[in-house]
Amino acid sequence: MNVLAPAIVVRGLGVRYNLTLTRRTTLKSTLARFGRRSAAPGARHFWALKDLDLEVQHGETIGLIGPNGAGKSTLLLAIAGILEPSTGSILVDGKVSTLLTLGAGFDADLTGRDNIRLAGAFLGIEGKELEALTPGILDFADIGDFIDAPVKTYSIGMKARLGFSIATAITPDILLLDEVLGTGDQEFRAKSQLRIRELMTQAKAIVMVTHDLAYVTEFCNRAVLLEQGRLVHDGAPEETVALYRERVTKKKLLAAGTSGRFEGAAAP
Amino acid sequence: MKTSPREAVPAGPATARRRPLGALREGIRDIASRRRLIRYLVAADLKRTHTDTLVGRAWWILDPLIQMAIYWILFTLIFERQIPDFALFLFAAILPWKWMASTLGDASTSISSRVALVRQVQFPKLVLPAASVGAGITGFAFGLLALALFLVPYHERISPWLLALPLIAAVQAVFIFALAIGVSALNAFYRDVGNILGHTLRLWFYLSPGLYSLDALGPGPVRTILSLNPMASILDSYRRIIWGTEQVAHGVAPDFAALGIVLGVSLVLLALAIMGFKRVEPAFARIL
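Protein sequences appear in the order of chains G and B. The first sequence begins at 1 in my numbering and counts up one residue at a time. The second sequence begins at 1 in my numbering and counts up one residue at a time.
With the rest of the complex left out, here is chain B (with noise of 0.2 Å):
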């Protein structure tokens, strides 16, 4: 190249991208101004999803109970698994998990589906993900109505910590939304994450207490291994209050201490999502 090498003189909204605190302040603000974005593009996402099925939003309800009666058969008939109320065991566990899966899913395509749109229109990418975060917690709060439901037959298990689920869901919610961030920013870049978030949420599951209860696995190495999984305390928290524990017949209090770690674990992984997710932001326009 013949030309004399120019200082980078990085023009308005890149400036603050070279330091990683008013990244994050300039993320939380994208979020922060274009909340009615994000409120338009979720009301556009419900309004899209299942209106050419048959039964309609039906399925938001629809799915997890298929779901959990999948597994539900898989283990009482096949695997002979003796756990009591052992629908609601996995219901507990299924409607949190399909929550976080659903939403990863749906915004790991939020920025790469949408070419024309980030070629050429100049707006915070970071609602894109935000929105698949807000239209995952709608659908959730349709899975909560399928538990009321589910909760009728099973209904000497109630106990006021039920009340605590706002509080696990809030957690849940910020752990998710780093998460999004993530996978929607990488999905841009290499589209492999799409296929490998599959298998990686499945594994996951797996590997996290939705089918059994960490309690069932006894002291030892992999107990502790597998606690360390934040979806881990999720799970059981949820467990907790509506399900109950292995000796409680009832719903109990979550372990909150747990609850606060996740919570404190995701706050930072968020922050820490929004400022690589801002750094990365200009590329959008170039890589699509």
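With the rest of the complex left out, here is chain G (with noise of 0.2 Å):
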């Protein structure tokens, strides 16, 4: 590879998500479908990203900022290769790995430790690879002898550490980070910090979704604003998140005019 090629190219990218076949499906809702097939296709989806383009550099760190259901979370799970692209590419130079894994594959009734085994192979870290991780994770998630007991008697705060030391044990070239500063006490809070930084320092790029502004004018030297799938800005952060807070209050005056609150301020 050559080295001054960017380490994430999303060309394009279009995520549809088809509201037919959501958890609720059955198949009498199907069939019904079948019957009326050339009644307004495609009028069931959905796009969640619509004609994305967005360009990361090694070494750069983007925060992705929009309103909730801008397509933030979706666009960090298709960068991860979890959700399959509808149009579009993108290409990622280097192992990604994302935060959002949180206890995602605990096992309740299994024990810390198994569980450390099975969300490992999950990632793909097996063997000795698994084995010399594991000082770190148990050091790290500090749970004590509870680390033999199953995961249904854990506290959430506990879940929540084993989960972090786990999602955080490698070190990715590319890291995916959606909203997970916040987790379990004060104490371990300030831990985690710490070692996202300690991560950040290492990947080659870091893309990260967040609600905290005042994170991405710290941290990240990209922000990209979405909204409704589409790409609105991609600049600097401070640009980019007054952009957003302008936007915000903008559509919430427009609210508060045409709920008829403030009838005086919405006339022409």
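Source of the hints: derived by calculation from the structure; they are not laboratory data. It is possible that part of the hints are untrue.
Incomplete in silico selection of chain B near chain G, CB under 10 Å [as the list claims (entries may be wrong)]: (1) Ala116; (2) Ala253; (3) Pro282.
Pairs of lysine to any residue residues, derived as SDA-like cross-links and limited to a Cα-Cα distance of at most 20 Å, are as follows [said to hold, decoys possible]: (4) B:Lys47 <-> G:Leu118; (5) G:Lys152 <-> B:Met231; (6) G:Lys128 <-> B:Leu46; (7) B:Lys47 <-> G:Asp109; (8) B:Lys47 <-> G:Arg113; (9) G:Lys152 <-> B:Arg114; (10) G:Lys128 <-> B:Thr49; (11) G:Lys152 <-> B:Leu117; (12) B:Lys47 <-> G:Asp114; (13) B:Lys47 <-> G:Lys191; (14) G:Lys95 <-> B:Phe123; (15) B:Lys47 <-> G:Leu110; (16) G:Lys152 <-> B:Thr200; (17) G:Lys152 <-> B:Leu214; (18) B:Lys98 <-> B:Arg57; (19) G:Lys152 <-> B:Thr49; (20) G:Lys95 <-> B:Arg119; (21) G:Lys152 <-> B:Pro124; (22) G:Lys95 <-> B:Pro124; (23) G:Lys152 <-> B:Arg48; (24) B:Lys47 <-> G:Thr153; (25) B:Lys47 <-> G:Phe146; (26) B:Lys47 <-> G:Pro150; (27) G:Lys191 <-> G:Pro135; (28) B:Lys98 <-> B:Arg36; (29) G:Lys152 <-> B:Arg36; (30) G:Lys152 <-> B:Val115; (31) B:Lys47 <-> G:Lys95; (32) G:Lys128 <-> B:Arg39; (33) B:Lys47 <-> B:Ser33; (34) G:Lys128 <-> B:Arg36; (35) B:Lys47 <-> G:Thr111; (36) G:Lys152 <-> B:Ala44; (37) G:Lys95 <-> B:Gln122; (38) B:Lys47 <-> B:Ala32; (39) G:Lys152 <-> B:Leu46; (40) B:Lys47 <-> G:Ala108.
Keep in mind it's a predicted model, so treat the numbers as computed, not measured. Yeah, the Cβ is synthetic: ideal placement off N, Cα and C, and Gly gets one too.
Grab the two chains, each in its own frame, and use the hints to assemble them into the complex.
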């Protein structure tokens, strides 16, 4: 690979959800749909992302901001390879790690130690590599003898700590973060912030989703504003954050105007 | 939509999906490269099942015995069926049937019950039904212990053909694997599959020679149709090596030709199941 190649290249990315095949789908609704297939094709699709272009260079830390449902998390999932693009392409140079995975693979009936093995295997870390990492994971999670008790006996905080420790055990080339900065109690939060900063210095590129705009201006060297699945702005953090704040304020005013609470303000 | 249509350029793993043979190769690679993960999942399953019950893993052995006892009571006391060593006759078929039924039940929820995992971690989803199959094989192995105990009072029926059991089990394992992959993917899309599965398996069992033998039916179109069922050949083979036939009161050779056909059909089904699974795999994260 060329050293100068970007860490992540996203071209014309579109991610479409099929609303007819959600988790509550039953055979009946599908059969019903076959019956009137010609009627309004494509009406039951939802584009979570549409025509998105993004390049992330090595060494960059990108903040993704935008209102809920803008497609920020979808973009992270697509970069991680979990969601397949419906259109466009994504090229990633290096090993990707998401910190989305806090405790996702946990089996409540197994002990913490068994869960480290299982979660590691799901993430593709096995055998000697995992054995070498385990002491560090135990040390960081700091849950003492509970490690040999079933995870169902853990408190939410303990579970989060173990999940965080596993997820951050390997140093990825490309780090994807989705609002994981507020995990556990005060002490662990400080510790996890430190660990994330450590990972950030080691990773070649970072993409993070956060609603903490101060965090974006402090840590990111670029920020991208998404709205309704589209890229609205891509630029310096201060600039993007300012634009986002402006748009949020404008929307609030508009909403207030149409709701009729400030009748005079909305007058032409 | 205002946007101009773009050429879909699939990234990375999606490329092979377009070509069936590539998908097959990739599916086999998924399973081979994640052997350890599958093993951990099987171990997790074994640790979990029955740990909160009084007699624990003895249920692996008790379950088929109790089921057999129920059928035995029904058929000897109520229907007055006159088959020698009827308990062994039943057990030889119930044990492998239970293997298939419980594996398919497990497999049907193997993907749909792991929403968080599928939506947040990138891993080959084929390992999930594969783990169900692995756990099922272990359960069947425990069941063989029950069979060994059971054969003690019927020791005069034991013959060297009993050693052909792993061969029949191997054919059945391929068949089960193909179906397990299918139901795991289908149930991720349609939760009805779980409901339909129970009824389908029950009907299928009654249409398979579990409680009766096909020989008892006599020649005719019904028998011909029923013998097209792969499970008919499999159950019949188990019964022949364990119990024998109506004429011979000890284990005899299985029908190798029929088993060969079932193996061929199962391998084709397995290849198709892997190809189909790889095709729909990217959708799981979106629909769960």
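For each hint, the structure was consulted:
no. : hint                  : in the structure
1   : Ala116                : holds, 4 Å
2   : Ala253                : violated, 42 Å
3   : Pro282                : holds, 4 Å
4   : B:Lys47 <-> G:Leu118  : holds, 13 Å
5   : G:Lys152 <-> B:Met231 : violated, 40 Å
6   : G:Lys128 <-> B:Leu46  : violated, 24 Å
7   : B:Lys47 <-> G:Asp109  : holds, 8 Å
8   : B:Lys47 <-> G:Arg113  : holds, 13 Å
9   : G:Lys152 <-> B:Arg114 : holds, 16 Å
10  : G:Lys128 <-> B:Thr49  : violated, 28 Å
11  : G:Lys152 <-> B:Leu117 : holds, 17 Å
12  : B:Lys47 <-> G:Asp114  : holds, 10 Å
13  : B:Lys47 <-> G:Lys191  : violated, 33 Å
14  : G:Lys95 <-> B:Phe123  : holds, 14 Å
15  : B:Lys47 <-> G:Leu110  : holds, 8 Å
16  : G:Lys152 <-> B:Thr200 : violated, 35 Å
17  : G:Lys152 <-> B:Leu214 : violated, 49 Å
18  : B:Lys98 <-> B:Arg57   : holds, 16 Å
19  : G:Lys152 <-> B:Thr49  : holds, 15 Å
20  : G:Lys95 <-> B:Arg119  : holds, 19 Å
21  : G:Lys152 <-> B:Pro124 : violated, 26 Å
22  : G:Lys95 <-> B:Pro124  : holds, 16 Å
23  : G:Lys152 <-> B:Arg48  : holds, 12 Å
24  : B:Lys47 <-> G:Thr153  : holds, 16 Å
25  : B:Lys47 <-> G:Phe146  : holds, 18 Å
26  : B:Lys47 <-> G:Pro150  : holds, 11 Å
27  : G:Lys191 <-> G:Pro135 : holds, 17 Å
28  : B:Lys98 <-> B:Arg36   : violated, 26 Å
29  : G:Lys152 <-> B:Arg36  : violated, 24 Å
30  : G:Lys152 <-> B:Val115 : holds, 18 Å
31  : B:Lys47 <-> G:Lys95   : violated, 33 Å
32  : G:Lys128 <-> B:Arg39  : holds, 16 Å
33  : B:Lys47 <-> B:Ser33   : violated, 24 Å
34  : G:Lys128 <-> B:Arg36  : holds, 12 Å
35  : B:Lys47 <-> G:Thr111  : holds, 10 Å
36  : G:Lys152 <-> B:Ala44  : holds, 14 Å
37  : G:Lys95 <-> B:Gln122  : holds, 12 Å
38  : B:Lys47 <-> B:Ala32   : violated, 23 Å
39  : G:Lys152 <-> B:Leu46  : holds, 17 Å
40  : B:Lys47 <-> G:Ala108  : holds, 12 Å
Consistency with the previously given hints fails for numbers 2, 5, 6, 10, 13, 16, 17, 21, 28, 29, 31, 33, 38, ordered from lowest to highest.
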